[in-house]
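Residue numbers (this note's numbering), protein chains in the order written: chain A, 1 to 272; chain P, 1 to 298.
These are computed hints drawn from the structure, not numbers from a lab.
Below 30 Å or equal to it, Euclidean Cα-Cα: the simulated DSS-like pairs (lysine-lysine) are:
no., chain 1, residue 1, chain 2, residue 2
1, A, K80, A, K70
2, A, K56, P, K140
3, P, K83, P, K140
4, P, K140, P, K158
5, P, K188, A, K197
6, P, K83, P, K158
7, P, K72, P, K158
8, P, K83, P, K72
9, P, K83, P, K67
10, P, K187, A, K6
11, A, K197, P, K187
12, A, K80, A, K197
13, A, K70, A, K56
14, P, K158, A, K56
15, A, K6, P, K188
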Amino acid sequence: MNWLSKPASDTQITHSNRLWLYLLAAVIMLLLVIPTFIVVPMSFSDAQYLEFPPEKWSLRWYQEYFGSVKWMRATSTSLKVGLLTMLVATPLGTMAAYALFVSGHRIARALFVVLITPMIVPVILIAIGAFYVYGRTGLNNSIIGLVLAHTAMATPLVMIVITASLRSYDLNQELVARSLGANRFTAFMSITLPQIKFSVITAALLSFLTSFDEVIISIFVSGGVNATLTKHMFAALRDYIDPTIAAISTIMVFISTLLLLIVQWIGSRQKS
Amino acid sequence: MTVVADNTATNANALIRQRRREEWSVLSLAIPAALIIAFVVLLPVGWLFYLSFIGDDGQGTLEHYRKMIEYKSYYRVFITTFKVSILTTLICLALGYPLAYFLAQLPPRWAGFFMLAVLLPFWTSLLVRTYAWLVLLQRKGLLNEFAIDIGLWETPVKLVHNLTGTLIGMAHIMLPFLVLPLYNAMKKIDRDLMHAAANLGARPINAFWQIYFPLTMPGLVAGSLIVFVLCLGFYVTPAVLGGGRVVMVSTQITSILENQFNWGAASSLGVVLLVATIAVLFIAGRVFKLESALFGKG
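Please put together the full structure from these sequences, using the hints given.
Written as structure tokens, this is what we have:
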């Protein structure tokens with residue numbers, strides 16, 4: 001089987017001409033993936049300082065993590081805020097995406113600009129600004145404050161996902177339903193939503209992850225009993241390296257890999 | 001006759017009114033999200049803008065902005081920020097283009113599999129990845145040991161808590177932001193164009209540079225812009241991997257707040273950062289339609 005001499009592209013390039021590209025791509029992909037997964041073996045190390053590969057294996061950092069009030073409390077805060085953000089950002093972002101998609105009004109354009117500001121304004125500015133305003137409204141160190149800020153960050157992402165799926169969907173179906181007597185809400189819920197549901201699920205998972213992984217705003221506006229996991233992790237990374245982080249990181253990598261695979265699976269179902 | 005005409009007019013008016021009401025009720029769906037963003041983003045940023053013009057004595061002043069021009073230290077912070085952002089974007093371009101090209105040429109099944117190499121880091125917490133680099137790059141880390149083993153250098157090289165470490169970490173975090181739009185642009189290219197070029201006798205390298213590469217420009221520009229703008233305001237990775245030696249605008253803002261609690265000075269830096277970001281996006285948006293790359297509008 002002489003695969004190497006077969007044409008590899010639409011021009012006359014063969015696979016053997018392309019070997020350099022395959023090698024380069026392989027190296028780049030390894031560089032992308034290794035740092036994502038290196039934390040897994042590290043977390044099972046027995047050493048106090050970081051070493052790779054570990055000489056002795058143990059579960060001590062997991063014990064440390066699950067046994068620590070500080071880390072457990074932070075994990076529960078992060079999960080709570082992530083879930084609440086998901087529950088708020090997904091419907092609000094979907095509604096906004098729908099409104100802007102359907103309406104051609106001048107005001108829709110202005111609303112669009114408002115709704116994408118969280119993507120344009122540097123996050124550090126949002127963080128210190130929210131810290132300042134929350135200081136005046138008593139929202140610092142509160143769950144509500146975190147959820148509001150993370151919802152603002154997640155909404156544009158939800159909108160991107162939903163807008164993309166609305167574009168590949170024929171909105172006239174809704175018109176048909178409405179001409180048959182359904183109001184817009186019923187038409188959306190019974191005709192449109194079932195057809196874009198996979199994108200809604202994707203958007204929901206994305207907004208959970210946006211909140212769960214968010215660092216900068218959390219550093220500023222969370223604290224006390226409501227400090228997030230990322231806030232403690234950041235402090236631990238900047239000041240001293242606590243190997244417990246490897247265990248926590250492994251759990252976080254597991255969660256994001258799981259969510260990504262779900263989304264990929266949804267995507268492949270959507271296509272078929 | 002007149003009665004009928006009147007009725008038509010009333011009907012038309014009623015229809016217009018109903019249409020308007022309809023329009024507004026649709027638009028109002030975007031209001032809750034817009035309100036939250038207004039409260040968390042617009043109001044605070046507006047407030048910081050105001051604070052940046054307030055001096056220590058509570059009077060209106062331009063002193064914070066004047067200091068930025070007069071003091072060398074501020075100047076250096078901006079230079080560092082731009083240097084790091086430009087270098088990171090260039091590294092991402094150099095690595096991202098071949099990777100996106102490789103992925104775009106694969107049959108769909110394989111592309112989906114190898115795409116995971118881009119998506120997995122993209123979905124993984126940047127804190128986790130920054131931590132991983134901290135470990136990989138340290139004096140006795142995997143990278144140093146590997147390089148010594150294969151004879152690249154003899155004694156451990158300092159790879160972290162400096163510019164090198166910051167650039168490596170930031171490029172790793174930003175690469176997916178470049179590869180994804182670029183890949184989408186490459187996928188949209190009509191394959192017949194390359195067939196035609198080959199048929200007309202173009203050598204593969206000419207076909208690539210004259211046909212393929214120009215068509216990937218929209219994705220290339222959109223991706224690089226996203227990377228560049230995200231780099232301008234980046235905080236976590238420079239703070240951890242830079243180890244205090246790479247002072248970017250964002251890290252400077254936090255240290256001013258932590259050490260001096262000077263809201264005016266911190267705000268003015270933030271305002272300049274915002275203005276720089278908007279300027280880059282505005283100019284780019286004029287030249288290339290960035291919005292259409294993200295939302296498919298326009």
